[in-house]
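**Q** Residues per chain, in single letters:
Protein chains: 2
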Amino acid sequence: LNLIENLAQPNERKILLVILDGLGGLPRNGKTELETAWKPNLDRLAARSGLGLVIPIGPGITPGSGPAHLALWGYDPRQYPVGRGILEALGVGLEVGEDDLCARGNFATVGPDGTIVDRRAKKDGDRMQTELCVQLCAELQRQIPKIEDVEVIIRPGKEHRFVVVFRGPGLAGDLSDSDPGTENVRPLSVRQSSPAAAKSAMIANAFLERCAAVLANREQANSVLLRGWAQRPRLPSLQERYQLNPACVAAYPMYRGLARLVGMTVLDNDGTWAGAIETVRRHKAEYDFFFLHFKELDQAGEDGDFDRKVELIEEFDDEFVPRLIELGFDVLCITGDHSTPALLRAHSWHPVPLLLLSPYVRPQIQVEEFGERACVRGNIGYIAAAELMALLLAHALKLKKFGA
Amino acid sequence: LNLIENLAQPNERKILLVILDGLGGLPRNGKTELETAWKPNLDRLAARSGLGLVIPIGPGITPGSGPAHLALWGYDPRQYPVGRGILEALGVGLEVGEDDLCARGNFATVGPDGTIVDRRAKKDGDRMQTELCVQLCAELQRQIPKIEDVEVIIRPGKEHRFVVVFRGPGLAGDLSDSDPGTENVRPLSVRQSSPAAAKSAMIANAFLERCAAVLANREQANSVLLRGWAQRPRLPSLQERYQLNPACVAAYPMYRGLARLVGMTVLDNDGTWAGAIETVRRHKAEYDFFFLHFKELDQAGEDGDFDRKVELIEEFDDEFVPRLIELGFDVLCITGDHSTPALLRAHSWHPVPLLLLSPYVRPQIQVEEFGERACVRGNIGYIAAAELMALLLAHALKLKKFGA
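If you're matching them up, the sequences are chains A and B in order.
Residues in the first sequence are numbered consecutively from 88, following the working numbering.
Residues in the second sequence are numbered consecutively from 88, following the working numbering.
Keep in mind the hints are simulated off the structure, nothing from the lab.
Where hints are given, some of them may not hold.
Which copy is meant is left open, because identical chains are indistinguishable; a pair holds if it fits in one copy or across any two.
[Claimed, not checked] Okay, derived cross-link-like pairs now, DSS-like style, lysine-lysine, Cα gap no bigger than 27 angstroms in a straight line:
(1) K209 to K488
(2) K209 to K245
(3) K209 to K382
(4) K488 to K245
(5) K382 to K118
(6) K286 to K245
(7) K371 to K101
(8) K245 to K382
(9) K209 to K487
(10) K118 to K210
Every value quoted in this text rests on a predicted model; they were computed, and no experiment measured them.
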């Protein structure tokens, strides 16, 4: 990777990377979601593009959204780990400062003897309502705005989940979880694993005590558990690494947050697909790399809704592919961050179809389709996600020759 | 790589590696140079060979000739860097000894105040004539044959470029450039970055002063700039690594020089393709690995001359492929060091078609062509250049079983 950084040189050419989150799938009646969709525009584009398959992390490895996106931008997630607390904080739309400390929280239920009865504070076997989570987080936030010189920021997630960010001087992330990961035992004290985190452990334990005090009169959800402590990783920016001036257009907070971590300017947009493309068009002159994220396919896959995923692909093809082409980028790349087959109702490890349009690709012989199996015959072949940026830069002629 | 070295065992079988420099291309009217060429012999050969594609360095990385060839011989250029000064010296046909110190030189023009007016000594906007470079190098060589106990060897390159080799005791390559890489500033003093290079820095600065004195009365080209200091890399030989007895047949100095760096015997030949094949035939009994290099395709590609590249492939196919087959090698491999698409007029990052003939390959089903896109369907698949030697050795049964 260091090699790519040494070869990168800026020029006027512009790259558009379109991520259809969860694009790859698995067959139903012999065809995947993408293969089932009626998508004449993508198929015509495929016939004059280079095709291939992106392996998100490695064979058999199913990525979360954080590692999957970092890999696509050239940050091998094994080399650049990002703590769960950070990903959760980005996911609920918090801006995380350089020295902030984040953790994931659960509301939980403890019994009279102080041992954990339910790590997820279920009631009559049902998961906690998100509305209750919102209400409890507001109450905690009101009563615990600050601990010593450390500001406390609490944001609700789904069901029993929330995020807490501690903002103040002298914090560090080398902390153990208070969540023991099992029931019928007491919550653990948070302990530092380096001297630098002593203050953080003290603040964390004080926070847990004060939460317990605030929630003490409740039968369910009378305690909180914290885990996944993390500070913002110090990632070299896309500017530094690739001499790019990059922008992000994404509707969901996590992707906007991840993009900021690698130095992208996050552009405002209205959350619609049409609005996203219009935002790219309006700002095209200002940036030379655009990351454009569409979330909806992944959600259909996670819902196990094969037909909805097909519909979304058809809508993307019919309404948006022509507009993407019209934007006139020097390099247009359409792929996904990972597969989300409806069959699995979850992210998966399967390679993701890749389409790359530039004057400098070799189109395929007799491949006139964009699909998982058509891409096997593609001229790009299988490529690790972390190598994709090198390929995009090369097709934009932004990499110097290596050696003489 | 260490694994391959541990498994290598000599035997009587013979390998012929034919490099068509710059072989890979990009389409014009839907077909690449190789796909356009009428080449019945290569196509017939492809139908009974294993096919694949060679990735020279990594996705998106365009190699220079030096790194590209080292990779083909199993030397990953990230692990075995070769300095620019060495490549330039080999390119002008200089033999570089173990302790010699090389640099690339430019004739440049400085103004009366000593600052650089033109780093390339242009006259009325035109680049320097190579004839003038030859003449000035001869004059410098005559007047500066030696500095203290260090012999000075100067060879002209194209236009304003030349190479200087310092030969004597106690030299080292840890030196900074005198070329500041920009104009309107003074040339820099050469400085050592390790104590071992103190003498080298002193010799280099003395050389620069004496050049300036020799050139002082000129209006243009009254100074020289040096950069890319390097000593010969200490590469383990092909003999040591693979138990081979290797020979090189190449017309161009750089490839002959590179081959010597890895221990090949460089055979004399008349510079023609017919002569090269005859040289291999004559010496076949003496060596078990032949590297046969044809430069011309790359030149046609760099000239942007699609039709000339097609013609050269057709000539190679018609006149020389049958003779290569007749040589009766146990393993015959035809590929390139990199692509040089006429469309780009330059080396490129695109994978290079690979053909491997041996009794132990799996030919393809329904592939009867040697071309960039036919090779995508090949049984060898995509392979890194640095892994090719292992494949050649395996097909010559020169690799033992790994483990029991």
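**Q** For each hint, tell me whether it holds in the structure or not.
**A** For each hint, the structure was consulted:
1. K209 to K488: This pair counts as between: shortest inter-copy Cα distance 25 angstroms, intra-copy 60 angstroms.
2. K209 to K245: For K209 and K245, only the intra-copy Cα distance (13 angstroms) is at most 27 angstroms; the inter-copy one is 69 angstroms.
3. K209 to K382: neither (29 angstroms within a copy, 56 angstroms between copies)
4. K488 to K245: Classified as between; 19 angstroms across copies, 49 angstroms inside a copy.
5. K382 to K118: Intra 22 angstroms, inter 37 angstroms, cutoff 27 angstroms: intra-copy only.
6. K286 to K245: For K286 and K245, neither the intra-copy (30 angstroms) nor the inter-copy (66 angstroms) Cα distance is at most 27 angstroms.
7. K371 to K101: within (8 angstroms within a copy, 52 angstroms between copies)
8. K245 to K382: The answer is within: 18 angstroms in one copy meets 27 angstroms, while 55 angstroms across copies does not.
9. K209 to K487: between (58 angstroms within a copy, 25 angstroms between copies)
10. K118 to K210: neither (42 angstroms within a copy, 67 angstroms between copies)
Violated hints, listed in ascending order, are 3, 6 and 10; each of the other numbered hints is respected by the structure.
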